[in-house]
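K.L.:
Sequences and hints are given; from them, build the entire structure.
Sequential numbering from 1226 applies to the sequence shown in the working numbering.
Derived from the structure by calculation, the hints contain no laboratory data.
Among the clues, some could well be false.
Listed below are the simulated EDC-like cross-link pairs for lysine to aspartate or glutamate, each with C-alpha atoms no more than 20 Å apart in a straight line [unchecked claim]: (1) Lys1287 / Glu1306; (2) Lys1682 / Asp1658; (3) Lys1799 / Glu1809; (4) Lys1821 / Asp1790; (5) Lys1408 / Asp1388; (6) Lys1915 / Asp1254; (7) Lys1488 / Glu1629; (8) Lys1625 / Asp1551; (9) Lys1261 / Glu1478; (10) Lys1261 / Glu1450; (11) Lys1871 / Glu1856; (12) Lys1651 / Glu1629; (13) Lys1744 / Glu1486; (14) Lys1744 / Glu1856; (15) Lys1651 / Glu1693; (16) Lys1408 / Glu1312; (17) Lys1287 / Glu1856.
None of these values were measured; they are calculated from a predicted model.
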Amino acid sequence: MIRFSRKGGFAELAVMTNFSFLRGGSHADELVLAAKALGLSAIGVADLNTLAGAVRMHAAAKANGLRLLVGARLVMQDGFEVIAYPEDRTAYARLTKLLTLGNRRAKKGECHLALADILAAGEGHCFIAMPPSDLTSTFGETLRTLERAFPRSVWLGVAPRYDGNDTRRFTALERLARETGTKLLVTNDVLYHAPERRPLQDVLTCIREHCTLETAGLRLEANAERHLKSDAEMTRLFPHAPEALDEGLKIMERCRFSLDELKYEYPADNFSENETPQQLLVRLTQEGMQWRFPGGVPDKIGKAIEHELALIEEMNYAPYFLTVHDIVRHARSKDILCQGRGSAANSTVCYCLGITSVDPTEIDLLFERFVSKDRNEPPDIDVDFEHERREEVIQYIYEKYGRERAGIAATVISYRSRSAIRDVGKVFGLSEDVINALARSTWGWSNHGVSEEDARKTGLDPTDRRLEMALALAAELIGFPRHLSQHVGGFVITKGLLEEVVPIGNAAMDKRTFVEWDKDDLDALGILKIDVLALGMLSCIRRAFVMLEKHYGIKMNLATVPQNDPAVYDMLCKADSVGVFQVESRAQMSMLPRLKPRNFYDLVVEVAIVRPGPIQGDMVHPYLRRRDKLEEVTYPSVELEQVLSKTMGVPLFQEQAMKMAIVAAGFTPGEADQLRRAMAAFRRVGTIGKYREKFIEGMVERNYERDFAERCFKQIEGFADYGFPESHAASFALLVYVSAWIKCHYPDVFCAAILNAQPMGFYAPAQLVRDAREHGVEMRAVDVNFSDWDCTLEAVSERSRCAVRLGMRQVKGVQEETGETIVRERGKGFDSVRHLWLKTGLT
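P.N.:
And the structure:
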């Protein structure tokens, strides 16, 4: 047999990740590591009508020094499939706009494309047409049209199927390539990184097709060959087609685009005609200083503002702060209460701009946790808005920037233990009773799978072959993306066209659009995200402020509620916290008398300590014992004393875990940030375990006891399940105090406001009413002659406190429209049921 010589090297350019939902059978890092081990020259990611998995492939390829081509497998409405790889940034923008076009004209999760769309957007691309199993004249005509439109930029993919028809198919494809003037390109049309992943890919196919393995038939792949293969193996399979083997390398040379070229630009326009963004930010901050500190700015605060503004200017982040300020300004102009949360609480500038109301004199947080030269990534401000009115803010953002420049980030919905065993159980034909029993045997958010012991406890035999395979494949499926959903409120806003950075699609909710990348992807590329979130307690507090001004003449906002009120802390120490934000649960109520909060920072600790992370990390009891002076506060080193002194030597916050990794385990700031990301990913497949050895050995090398190092890492693993950042706890603690202050001094106002903000919190309206009565509030029943839709306050002449008139919203089955009709038609009152019926026309 004659063999043709080749230079060597092979680029596999038809690869799907598991972001080709329920088709691709491998994670991005698995594909990259396998390609690297096989010695491939390059790998091309081309998921079905999406770039959702591109960033993860990009990050993995970059970390492992592998050349990556980023593209998409475009599937047209008539079934024609072509892989498109952009040669440069301009072509990439055309590809993302093309995908956006297809997404926006279809319902969520679908992309409707036609040949005309591809012809209009195809300049600057290399195309690989993927033939169907049975060649048709239509396929040949489309291929010929594509080649005429983009000469010398179209290839015809040829892949083995091992179904007995390969020789005949290859011959037909060679003939078609000659007839259309295209070139053959060899690929293995990859679905997974290694052959052992084939059973899981079969399961994915069955889930997609809503069938069992027994009934799937020809819908399953005939063999386990659609995995990555080495240059030598591909050469063995195609000994007479050396040119077709090398065509992938030619595309690799032409397509030099990298996601690193996506330089994000803040939307710096429309701020001021006469000032630069930095100048405008400085002026607004100075104006805010006068508003926040009418008695004069403390020296410490003044120095902090100077430091922050200098760093913001150096990092060119002023437009970001101005964008958030504009959103908050608009909300306040519409009397929508809002509060900056998370890292914004670290910023004195955010306090002066009115983005957050956490007083920097009350808490000492590090600005570098928010903006840091070391991390070189954009800051991340979360802003909570009233849950009933957040949509107004979202639509303002869409209207101001346009849907081509603003979109909500994606959330990747991934399989966890319960969803995995449910779907895999159906594929294996397990009965509904068995599937339910297995699903109930594991915790709802668990990523650990259903163990043999769990199965045994439900009365099942884990050695049964069918059940054994179902459990194993369900465990393997955990962490696989199921579909994309919209983030709860993370907005991406760009200076240029967002659709030229990432494809945009329709959300299931009307008037919402979202991008294909989640917050981790956006962070990896340094793309700004502003979280526009909803919080029920803000609706309650805003209603309370309105009532305080109307009935008691007290004008108040989040920042002007009297601080350090002993009566408020006395109330909380008695666990009198029904309805109070964050501390109303049974667990919090049992903690309050033990922790005995007496100041704002105690509330910060209270918010953070009753979480699965500190509890699982065994942090709660040591902290309480030290607080009650039952245990001596000790520190194993001066470095750790600086990190843990505020919390008596016990790590309670994510920030402390990061600092411990740096000062005690030798992590770099970048590695510590990776640890933070691993902790934040508590609901996805755990990645924090890979830091275990580095952390423990790093501490041992620095003369810490191994037992102590292991306990420290156990505490950090607790954060991985649910840790709380100190900055978030500070923002929540402010709302704890404000809601507690209102309940303490004006229980009538608090009761009416929280009833009007329902549904929210732990308690039913009846429980809130009973609690108000116990605090001496007179409750008046719903009355068609006196009640509005909302609960209202009514003056009581002989008392200083108002009575609460229950609103018609409390009557089960009564719609708001009905309540408004009764109020509108009653005039001076109804004198009978008949009068009510005649005036309102109600059923």
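K.L.:
With reference to the structure, classify each hint as holding or not holding.
P.N.:
How the hints compare with the structure:
{"no.": "1", "hint": "Lys1287 / Glu1306", "result": "violated, 28 Å"}
{"no.": "2", "hint": "Lys1682 / Asp1658", "result": "holds, 14 Å"}
{"no.": "3", "hint": "Lys1799 / Glu1809", "result": "holds, 12 Å"}
{"no.": "4", "hint": "Lys1821 / Asp1790", "result": "holds, 14 Å"}
{"no.": "5", "hint": "Lys1408 / Asp1388", "result": "violated, 24 Å"}
{"no.": "6", "hint": "Lys1915 / Asp1254", "result": "holds, 14 Å"}
{"no.": "7", "hint": "Lys1488 / Glu1629", "result": "holds, 17 Å"}
{"no.": "8", "hint": "Lys1625 / Asp1551", "result": "holds, 11 Å"}
{"no.": "9", "hint": "Lys1261 / Glu1478", "result": "holds, 18 Å"}
{"no.": "10", "hint": "Lys1261 / Glu1450", "result": "holds, 19 Å"}
{"no.": "11", "hint": "Lys1871 / Glu1856", "result": "holds, 16 Å"}
{"no.": "12", "hint": "Lys1651 / Glu1629", "result": "violated, 41 Å"}
{"no.": "13", "hint": "Lys1744 / Glu1486", "result": "holds, 19 Å"}
{"no.": "14", "hint": "Lys1744 / Glu1856", "result": "violated, 42 Å"}
{"no.": "15", "hint": "Lys1651 / Glu1693", "result": "holds, 14 Å"}
{"no.": "16", "hint": "Lys1408 / Glu1312", "result": "holds, 18 Å"}
{"no.": "17", "hint": "Lys1287 / Glu1856", "result": "violated, 49 Å"}
The structure fails to meet hints 1, 5, 12, 14 and 17 from the earlier list, while all remaining hints are met.
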